[in-house]
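Student: Here the protein sequences come in this chain order: B and R.
Read in order, the letters of the first sequence correspond to residues 1 to 601 in the numbering used here.
Read in order, the letters of the second sequence correspond to residues 1 to 601 in the numbering used here.
Calculated from the structure, these hints are not laboratory results.
For clarity, every value in this text was computed on a predicted model and none was experimentally measured.
Using N, Cα and C, we set each Cβ at its ideal position, and we do this for glycine too.
Any given hint might turn out to be false.
Not everything, but these chain B residues come out facing chain R in the computed CB check (under 8 Å) [stated by the list, open to error]:
| id | residue |
| --- | --- |
| 1 | G223 |
| 2 | K224 |
| 3 | Y225 |
| 4 | W229 |
| 5 | A238 |
| 6 | W239 |
| 7 | D241 |
| 8 | P276 |
| 9 | K296 |
| 10 | D308 |
| 11 | R310 |
| 12 | R372 |
| 13 | H373 |
| 14 | K374 |
| 15 | F375 |
| 16 | A378 |
There are 2 protein chains.
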Amino acid sequence: MTKSKKIDPLRIGVNFHADGTAKVRAWSPTAQTLAARVNDRFTLPLQKAENGYWQATTGKIAPGDRYVFVIDDEKAWPDPASLSQPDGVHGPSQAVNVCAFNWTDGEWQSPPLSDYILYELHTGTFTPAGDFEGIIQKLDYLLDLGITAVELMPVAQFPGNRNWGYDGVFPFAVQNSYGGARGLQKLVDACHKKGLAVVLDVVYNHLGPEGNYLPFFGPYFTGKYKTPWGDALNFDDAWCDGVRDFFIENSLMWFRDFHVDALRLDAVHAIRDFSPKHILQEIKENTAELSKSTGKTYHLIAECDLNDPRFINPIPKGFGLDAQWTDEFHHALRVSAGEPRQGYYSDFKGITDLAKAYRNAYVFDGQYSEQRHKFFGAKTDNPGRQFVVFSQNHDQVGNRMKGERSSMLVSFEMQKLMTAAVLLSPYLPLLFMGEEWSAPSPFQYFVSHTDKQLIEAVRKGRSDEFREFHSGGEAPDPQASETFEQSILPWKFSAEEPHQTMLNYYKALVLLRKTQAALSDPDRKATTTTVDEQAGVLTLFRRGREQDFHCLMNFSAAQLPNAFSEGKKIFDSADVLWNGPGTAADIIQPESIIIYQVSHV
Amino acid sequence: MTKSKKIDPLRIGVNFHADGTAKVRAWSPTAQTLAARVNDRFTLPLQKAENGYWQATTGKIAPGDRYVFVIDDEKAWPDPASLSQPDGVHGPSQAVNVCAFNWTDGEWQSPPLSDYILYELHTGTFTPAGDFEGIIQKLDYLLDLGITAVELMPVAQFPGNRNWGYDGVFPFAVQNSYGGARGLQKLVDACHKKGLAVVLDVVYNHLGPEGNYLPFFGPYFTGKYKTPWGDALNFDDAWCDGVRDFFIENSLMWFRDFHVDALRLDAVHAIRDFSPKHILQEIKENTAELSKSTGKTYHLIAECDLNDPRFINPIPKGFGLDAQWTDEFHHALRVSAGEPRQGYYSDFKGITDLAKAYRNAYVFDGQYSEQRHKFFGAKTDNPGRQFVVFSQNHDQVGNRMKGERSSMLVSFEMQKLMTAAVLLSPYLPLLFMGEEWSAPSPFQYFVSHTDKQLIEAVRKGRSDEFREFHSGGEAPDPQASETFEQSILPWKFSAEEPHQTMLNYYKALVLLRKTQAALSDPDRKATTTTVDEQAGVLTLFRRGREQDFHCLMNFSAAQLPNAFSEGKKIFDSADVLWNGPGTAADIIQPESIIIYQVSHV
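Construct the complete structure from the given sequences, taking the supplied hints into account.
Tutor: Okay, structure coming up:
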């Protein structure tokens, strides 16, 4: 038997046909019998099929019905591929006709990645409503800001209703408290109507610690490899194909049934797979096949901490992913902005490294890392559109002990400089919700587990984690509802000063990037830098066909003479327009950026 | 600091200069202080150098001196890179001037891999002497047999003096009871003088369970990955560079200081490394660099159970290893010869799979394996010279419960057929010591540990292992000296019948392979097969420029009509010359092979 991957036959869980019947399918190679118990009223036996699958086609299940799978006539568990968990992770699954949605985005086509300006948000804290409907109400605002893609932190069902999303345990079920599958479909449709792309964060490297019933069905995990979260997902050990199919189908589902434009694949460095074909490559190939059949473009963006271009190189040279996050740009930028060099920041030297990040994407491409205790990284010549950069994101903010945004750490002027450093880069800029108006609130780490031992372990884990970073103060209690509530964006301040000015500043820079081809040019050779280490000034040159942009960034606290005279000064973050200290032709203000436009003859 | 790998600076342990002084170097990134305690008389402090190394140059150490390393002024351990352990694995290390050997092989150059006909032997049981000197006495015999390369099972120092070698714990020290470093150098020099290449089996995927003091020096192992032997060697976690250097230098040492022609890298599938550059590729690159400086050719041959051509594809497409073992050829051949389809044999169907192995090297190149419970393998179009095949080897014999050779399992006729199947293949044939005269003794699994708990664990492990394979009988006690003694080749029988005839038979086939270009042609397209499943006959066609060879192999127990009429019959294993039942033009005898030579017009 040779493996041939088809898109439709892979569907798992409960899937409705056009005629109203449903195909019920589960993977459990270790089960002797498997049946669906529906509405606690009747039992539907599944027939054994190839490769550990069980299936049945039935007219007896309707959308909305609740069901569990009964293994060996003994124990009952929710469906690993459940599309809905109306009573949370420990309750029964619910059948959903995921195809029964009236899409209005037939004409929609995702923009090319190079046009992506990403806005990362957490559904539960982006608005007081804390759900997809809340986001829909904000779409005009986001459109006005100028971003082109909404990136949702993970929405797979997690325990309780307060979680970043990385503790999800039902990869196919959309969090019920966010609005479930239907709510997400509505949101994506609304985004597309406004012209916004949607990126969804998905976690294929671990499952959360509470409500993970997958091991009862089969060897989803393997002791062959360890991850920070325990045994690794089984992508290459015995029975791995069912697990591979599970995540391949998951990635296809979001594109096919939810119309998302891109997936952000969480922490792919923690995916352990020594198969001849890496699971990420197999996901890419299946995505490409789906793309052919739907005529839509889909992007795969990895979070990857390996500085290894194999992930983003085209097949067969690499796994073929379209882009990756680059934390090192952030680290270099933040140290340039005065962050103490402790923890993972200790490897970064400030503007010299930031300049390297502008030119090479990876700061470490073979040097010794004192922090990692090894030579780290490889050379990359991949184009700029393959890298996502940011000055803030959920991790970089929320994984500080107190979850401080830049607004609570650096001056208003420095915030403006950092933003410009991101938006003028040859990479794909990502903003973290609220940074555009310098939201004064924290984004903290929060959970809502029910298992007491686990709650204690998470509390302890958090406070241990910060020994390295912070000497004083207490970490907020991740389990406390206040920790979550403090993290909800306080929009009431956004219309006040200096928030309104910051918002205008962001809009101006986003617009500049969108209207000047040289600024979103992903060609590496079009970007050069000079660094005056002593003065603390980095100059970024972005070259275009008709004009160049010279960006002088003063990361120092000193007012410096500005001898730069080429071209036309078109932007100064120190302008009083942006609540700055004011400008003059021959100076560059502390913590400020000046942009010159130089036209070719 | 950028990493630049040089051959000489990598030397670790105690290495003597031409002026008699010695450089002492150890890697211990976790030590606060490190010193060498010499002859229990004086202490030589080492200075801290880069990347966790400690070193000193001294005139106070002479070859023959014994020493230990003292960490943090507290505990003393033998040198991980020790070249000699005169008192075994728990005793002190001994300084050896590994460069002070009068080599006489200056003109020697390894044959190309395609000329290799390998003879695998275990130093301890190949001769009653059980050492390198014993092998030297047999070189004329081996030359007469016609093999071109002697392959030594691992010789790194192991506990006691009875061990296959895979429990080695000092990768740089040559087993003292075999004759140590000097003994190995003498053997290699003698081989080269006779025109024989030397292949050395080295283990880079684990260390043995007794006498492994490496963890006291630093993070040689990582809990990130698990292997069948516990935590994996640390090739990609924090501090991995010292571990990588250790094994890179080890591979270089065997080529540079011991003049071996090839390394057989044990079980590379158990090496876990997600670095941008795999450790095997780094070993290959360093070997190639050494080759440039010495002008000699070095080969790297992997034992690999992954059916993934990435290991043997050239850099950058793959890791660049020169060849790999293919157990699947053996499994298919053995099932063809009547082996019950249990354990790992259950995946193999006999001559159909053997035919596939002849054409494709991998039997599984993407099919579902019931034994592995997953789709397994990838396509390969690598040439035949990249694959090593055998009908017996130390594992396939010794990992049977009672260590039975083919001589104890199948008829004399079938032994002859199996041998021919190997020697006529388009791959590199490997013989296992003694098979050439159908030695009637077993090759069993034996150890000589001193740790009682370990001894019990090994005993239990062995008997558990055979539940799957054998229902009756007891596994021999691995720790018992009789188990070892029974495995020593009983050469006294070799001059008797039918052993003498078998030896002549082997010589004839080896000679045929060596003299007929078509038979060692590694071009895949020059090999085709036909299979008569019903009759049990596989016909192998080897095409040459001037003539072809058609090899009819009858694996059945029936005498069959032979309608084959093309060309000239040049060989029939059923000939009375080979103690067979006799031949006739129109029949093919049970369990026999007939070879036809077909000249091109």
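Student: All hints, please: hold or fail.
Tutor: Hint-by-hint comparison with the structure:
no., hint, in the structure
1, G223, "holds, 6 Å"
2, K224, "holds, 5 Å"
3, Y225, "holds, 5 Å"
4, W229, "violated, 13 Å"
5, A238, "holds, 4 Å"
6, W239, "holds, 5 Å"
7, D241, "holds, 5 Å"
8, P276, "holds, 4 Å"
9, K296, "violated, 29 Å"
10, D308, "holds, 4 Å"
11, R310, "holds, 7 Å"
12, R372, "holds, 6 Å"
13, H373, "holds, 4 Å"
14, K374, "holds, 5 Å"
15, F375, "holds, 5 Å"
16, A378, "holds, 4 Å"
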